[in-house]
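Participant: As a plain string of letters, each chain reads:
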Amino acid sequence: MFHPFNEYKTMKEVVIRTDKLTKRFGDFIATNEISFEVYAGEIFGFLGANGAGKTTAMKMLCGLSAPSSGAATIAGFDIYKQTEQIKRNIGYMSQKFSLYEDLTVLENINFFGGIYGLSNKQLKLKREELVETLGMQQEAKKLVGSLPLGWKQKLAFSVAIVHEPKIVFLDEPTGGVDPVTRRQFWDLIYAASDKGITIFVTTHYMDEAEYCNRISMMVDGVIKALDTPARLKEQFSAASMDEVFFELARGAKRKAD
Amino acid sequence: MSWPGVQNVKPIDMKQFLAFVRKEFYHVFRDKKTLLLLFGLPVAQIVLFGFALTNEIKNSEVVICDYANDEASRRITGQIEASGNFSIRKHLRSHRDIEAAFQEGHTKLAIIFPARFNHDLLHLNKAQVQIIADASDPNTATTLTNFATSIIMDYQNELLEGRPLPFRIHTDLRMIYNPGLKGATNFVPGVIALVLLLVCVLMTSVSVVREKELGTMEILLVSPFSPVLVVLAKAIPYFFLSLLNLTVILLLSVTLLDMPIQGSLLLLYAVSALFILTALSLGLLISNSTDSQQSAMLMSLMGMLLPTLMFSGFMFPIENMPLPLRIISNIVPSKYYYIIVKSIMIKGLGFSAIWKETLVLAGMTAVLLAISIKKFKIRLA
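Going line by line, the protein sequences match chains A and B.
Quick note on this note's numbering: the first sequence kicks off at 1 and runs consecutively.
Quick note on this note's numbering: the second sequence kicks off at 1 and runs consecutively.
Hint data in this document are derived by calculation from the structure and do not stem from the laboratory.
For each residue, glycine too, the CB sits at the ideal point set by N, CA and C.
Among the hints, a few may not be true.
Stated by the list, open to error - So, partial list: chain A residues that the calculated Cβ filter (under 7 Å) puts toward chain B:
#1 Cys-62
#2 Tyr-92
#3 Gly-117
Stated by the list, open to error - Over the 12 Å line for every Cβ pair with chain A, so calculated as not near, a few chain B residues:
#4 Leu-18
#5 Ala-19
#6 Pro-224
To be verified - Simulated crosslink set (DSS-like; lysine-lysine; CA at most 30 Å straight-line):
#7 B:Lys-33 / A:Lys-141
#8 A:Lys-124 / A:Lys-96
#9 B:Lys-33 / A:Lys-96
#10 A:Lys-96 / B:Lys-212
#11 B:Lys-212 / A:Lys-142
Produce the entire structure from the sequences given, and follow the hints as far as they go.
Facilitator: Rendered as structure tokens:
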């Protein structure tokens, strides 16, 4: 399942484009004129220390937060004017585990599929497909709250892409999960990427950074570096992504929250 | 660059909305503790207010000190005993024993007939009865003395039928609409207002805030499901639960408390639906102003239940309050609802008697709803 690290899709169809996207909270500039492009089908790692502005940037891209200035298009739609179209084309998985624990696995799939307007036939297919892929035949009718965290995370990811969005935004999806489950989680990410879904992911784990096709490093609200993991290591003559991260984050003035 | 088939934004259809409403019902029915609270609460309140906390007085113990022991004193004593409100603990020989009787603690009232009571009454047209009450509980004392006085008055009227007696004092006992002085008549409308508020304000605000706490609100806001519909879908289960609760309370009050509904049931449900909407908008307003379930709960309790208890007129008469409090009471929605329910249930009045209160309630609802929906949109930015 694992792709070689720096072999990302050659098709250069742009699905996310930002141009000097900025978010200010009073005097504080959380995200300062960031400009980048994400291509269709790639796994784009969005890295940075705590407080670097990653979550703010991601929230703007998802339409949860209005930008202060700058421009951006998501799946070809304008971030200011076409938010409704954007919503239909993206999926989102937040830092917090965000399924309903008092609903069963199937009910969660039905609900999230349902609010995206999937037909009964599509829902049935999705239920079968998800239960099959995740191997949850036994758990399908159990309350989500009774599942182990790793399963919940995998389920949350599958539910985030249940409506087959163009892009899925993952905000630190593997927090608190053991390495084996993280690996399985990335298998799901690769499978989604193979289906043509663009993955936009933030993470703290540098080994996960290596799984991405390209990564951007944010420091103090600006993007300090953006390239494939291999080229970044080359550029900073570092042996691992860890070193690249330290090299870049060392100059940070903002304190982590 | 274009994505075929997704250019046209189609509006949320009924099916999507129903998927959401179904989910809300799951939440309600899976949370057994809350469900128990929802339906146990009205039952407990009706039973508590109907029986335990009632200000209706039954079988209060009374001692009689009868120096006269004649026809009139015996007749009055008999009627006091027959009223059901009193039970005669003992007959005392001397008024010196009265204090001892009170000190035992059971006696609430002592009635003393002087010697030659009947004689004075018939020949002098003027007789005295002394009533001594244990005023350590002033409310009970007042009620009991009123009761006893009214029994004596009844006897006197019976005795002196038609004959005008200028020196007799007419006692206004204010027992209109509730001649039996049943406590339930005042409590039931109050309990309805309380329970509806509790269910709607507390449950809605907590259910919206819970989504924020869980992080699912973000997922919903990222989805094409519009925030206004999120709010609407959340309100629907509580709207129906509240109507169900209202039915439970009404059934209980009719069967358990023998309290008939004098006016139109349809009208009662219609204004209750309006009040539920008021409460739901309040709940939404609260959920907009906080991000934690705990503070939502506190705000609902302090902001809604307390004013309802204090300013709706159900526990403390508004007429007796100082002016500033009377003014404050005008902004408490439950006050109007309480007046409406009392008018319909107890007085059996129609819409023409309550249209003013209904209008005020409708106005409040419109304003609250407008503010909370507006605030909800702002939060999205």
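Participant: For the hint on Gly-117 (chain A), just tell me whether its beta-carbon gets within less than 7 Å of chain B.
Facilitator: This hint holds: Gly-117 (chain A) lies near chain B, its Cβ roughly 5 Å from the closest one there, short of 7 Å.
Participant: Taking C-beta pairs only, is Leu-18 (chain B) more than 12 Å away from all of chain A?
Facilitator: Non-interface label fails for Leu-18 (chain B): nearest chain A Cβ at 8 Å, not farther than 12 Å.
Participant: Does Lys-96 (chain A) sit within 30 Å of Lys-33 (chain B), going by the straight-line distance between their CA atoms?
Facilitator: At roughly 25 Å apart (the allowed maximum being 30 Å), Lys-96 (chain A) and Lys-33 (chain B) satisfy the hint.
Participant: Mind verifying the non-interface call on Pro-224 (chain B)? Its CB should be farther than 12 Å from each CB in chain A.
Facilitator: violated (4 Å)
Participant: Please work out if Lys-124 (chain A) and Lys-96 (chain A) have their alpha carbons no farther apart than 30 Å.
Facilitator: Roughly 27 Å between the alpha carbons, so the hint for Lys-124 (chain A) and Lys-96 (chain A) holds.
Participant: The hint names Tyr-92 (chain A) as touching chain B; please verify it with the least Cβ-Cβ distance against 7 Å.
Facilitator: Holds, about 4 Å.
Participant: Hint check: Lys-33 (chain B) vs Lys-141 (chain A), CA-CA at most 30 Å. Holds or violated?
Facilitator: holds (22 Å)
Participant: Sort out whether Lys-212 (chain B) lies within 30 Å of Lys-96 (chain A), counting only the CA atoms.
Facilitator: holds (10 Å)
Participant: Just to be careful: measuring from the Cβ of Cys-62 (chain A) to every Cβ in chain B, is the smallest value less than 7 Å?
Facilitator: holds (5 Å)
Participant: Test the statement that Ala-19 (chain B) is away from the interface with chain A: the closest C-beta pair must be farther apart than 12 Å.
Facilitator: violated (3 Å)
Participant: Do the alpha carbons of Lys-212 (chain B) and Lys-142 (chain A) lie within 30 Å of each other, as the hint requires?
Facilitator: Within the cut-off at roughly 24 Å; holds.
In summary, the structure is inconsistent with hints 4, 5 and 6 from the numbered list given earlier, while agreeing with the others.
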